[in-house]
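Peer 1: Given next are the chains, with one letter for each unit.
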Amino acid sequence: MHAIEFKNVSFRYEEEQPYVLRNVSFQVEAGEWLAIIGHNGSGKSTIAKLMNGLLFPTEGEIIINGIPLNEENIWEIRRQVGMVFQNPDNQFVGTTVRDDVAFGLENRGVPRAEMMDRITSSLEQVRMQDYLLHEPYRLSGGQKQRVAIAGVLAISPSVIILDEATAMLDPLGRKEILDTVHRVQAAQQLGLITITHDLNEVMQAHRVLVMNDGEIWTTTVPRELVKRQTELQQIGLDVPFVTQLAHALVRQGINLAEQPIDHEELLDALWTLHSNK
Amino acid sequence: MNNLLIVGQYVPTNSIVHRMDPRIKMLIIFFYVIFIFFANNVVSYALFTVFAVGGTLLTKVPWRFIAKGLTPVWFLIVFTFILHLFVTKEGTVLVNVFGLPIYSGALEQGAVISLRFFLLILLTSLLTLTTTPIEITDGVESLLGPLRRFKFPVHELALMMSISLRFIPTLLQETEKISNAQASRGVDFRTGPFRERVRAVIPLLVPLFVSAFKRAEELAMAMEARGYRGGEGRTKLRELQVMKRDVAALIIFIIVVAAALITRDYS
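Protein sequences appear in the order of chains A and B.
Throughout the first sequence, residue numbering follows full-length UniProt numbering, covering 1 to 277 in sequence.
Throughout the second sequence, residue numbering follows full-length UniProt numbering, covering 1 to 267 in sequence.
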C-alpha cells in the first residue's frame, strides 16, 4: 500500500479547455520525501490540490493509504493529508497561535481536554510553544508557517504537503521551514511532499518529480537531476549555484569525483581534490 | 497604530471583572440599561450609581482610560443638561438667565437625565474596557445559541466576527502599503479640495478590495483543507464557564435591581 498513489490522472478545469495535467502516475511511500518541481503553470500545484480533494481528477484515480479519493471519503482523506499553503497570512484562521492550531481539531470534533495536549505537543514539534497566545501580526512569516505546520501536525496526518510554503519567505525563514519539516518527517515517518519552483529546495528530498507542461518530465534523485543542467534550463528551472559552479569547474578541466548537491559537498570535493589523485 | 485598533479600548488589568464570563457581563449590562429607567427617586438612583461606580472601581482600570472612553459623550451629557434647564417648566423659578427663567424642576430633571446617561455610558464602556473582542464574540455566540432552533446561523456569525477581528491588522498593514505605493506614484491623499481627496481614495480602495477578495478565496480553501465543514459536529477550544464570581455578580445585581424597584416611588 502506498501513502499516495496517482493512477493515470488527468485534469482540466472545464471541458473544451486544455488539460492542466496529462496522464500523471506516481507513488509516494510512507516516510518518503518527494519533491515536485516545475516552472509556473507546469501543473504542480494542481497535483497538490488533487491530493486532498480540493479538486477531483477529470480522468484517472487517486488512492490515499488504500482509500480511493471521492466525494464520500473526502473528509477522511483530508484528515490523513495535511496541507500548508503559500501565503502565511491567508491560512491563519485563529486570532492567536493557540486558536489557529485548534482550528483543525475543532473541525473534527476533538474533545476539549485532548485538544490542549495535542496543541502543546504539535507546537513543541515546530518549536513555537513559547508563542501560544501571540496574535498573528506579531509573528514573522516563517513563524506563521511553522504554526500552520503545527496545525497540520495536530490532526496527526500520514502525509504532509507543502505547496510552495516557503515561496514568500526570506532565506532564513525558508531554512527554518525546511529544517522543521525535515525533522518532523524523519521523526514520525510521515510522507512529505514539497512543491516548489526552486531547485535549491529539492536537494534534501529523497526523490524528485519534475513537471513540465502538465506531464511528468522525469522522476529521479536530486544527485542525478543536477547532472542535467542544460535540460533543466530548457524547461525553465534555475539551476542552483553549486551545480553551476561544478559544471563550470568541469569545463575548466577540473573533474570532481561526484556531482556535489550542496555547499558542504562542494567544499569537500574541492579540498580533497588533490589528495585523491 | 496596530495596538490601538486591535485591542480597541481593552485595558488588561486582570481584575475580577476581567475574569468574569462575558455572557454574564453582557446580561447584567443589558438588564441594567432596562431597569435604570425604572429609577425615579434619590434612593433608587443611588443604588444604580453605587452599582456602576462600584463595578468601575473593581475593574482597577485607571480613571484616565475611563475618562477617555467618555470623552465623546461628555458633550452630549452637558448638552442634555442645558437643554432640560431651559425647556422644562416645572416647580418654582429659581433665577433668570438672560431673561429666561430657570425652574427648580428643570435643574432636577436635567441632573437626573444626565446622571442616567452618564451611568449608562459608564457601565457599557466597562464591557469593552474589560473584555477582549474575541471574548465578546464567544459571549455573543453563546447568548444567541437558542436562536439556532430558528435556523439562525449563530456559529457562522461568530466565525465571521472572529475572522474579521483576525484580519483587521492584516488589512491595515495592507492599506498602509498600498497608500505608500500610490503616494509614491503621486497620488495626494492629504491636500486639495474635499472632492479630490475623496477621488484619491479610489486607487486605494480598488487594490485593497481586490486583495481582500483574493485573501478570502485562499482562506476559504485553507479552511476547507483543514477540514472545516460548518458548525455541525464541531467542538470548541475556548469554552465559557460560569464561575462563582459570575454567580456572585449576578446575585448582587439582582439585589440592587430588586431594592431599586422596591424603593422607587409608585405614586
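FYI, nobody ran anything at the bench for these hints, they're computed from the structure.
For clarity, every value in this text was computed on a predicted model and none was experimentally measured.
We put the beta carbon where it would ideally sit given N, CA and C, even for glycine.
Hints are not guaranteed to be accurate.
Taking lysine-lysine pairs in the BS3-like style, the calculated list, with each CA pair at most 30 Å apart, reads [unchecked claim]: (1) A/Lys49 / A/Lys175; (2) A/Lys49 / A/Lys7; (3) A/Lys175 / B/Lys244; (4) B/Lys214 / B/Lys244; (5) A/Lys227 / A/Lys7; (6) A/Lys175 / B/Lys177; (7) A/Lys175 / A/Lys227; (8) B/Lys236 / A/Lys49; (9) B/Lys151 / B/Lys236; (10) B/Lys60 / B/Lys244; (11) B/Lys177 / B/Lys151; (12) A/Lys49 / B/Lys244.
Quick look at which bits of chain A chain B covers, simulated, 3 or more residues with Cβ under 8 Å [what the hints assert, rightly or not]: (13) 101–114; (14) 183–196.
One side only, chain A facing chain B, incomplete, derived with CB under 8 Å [claimed, not checked]: (15) Met1; (16) Arg12; (17) Val93; (18) Gly151.
Peer 1: What are the numbers of the hints that this structure violates, sorted from low to high?
Peer 2: Violated hints (numbers, rising): 3, 4, 11, 12, 14, 15 and 16; every other hint is consistent with the structure.
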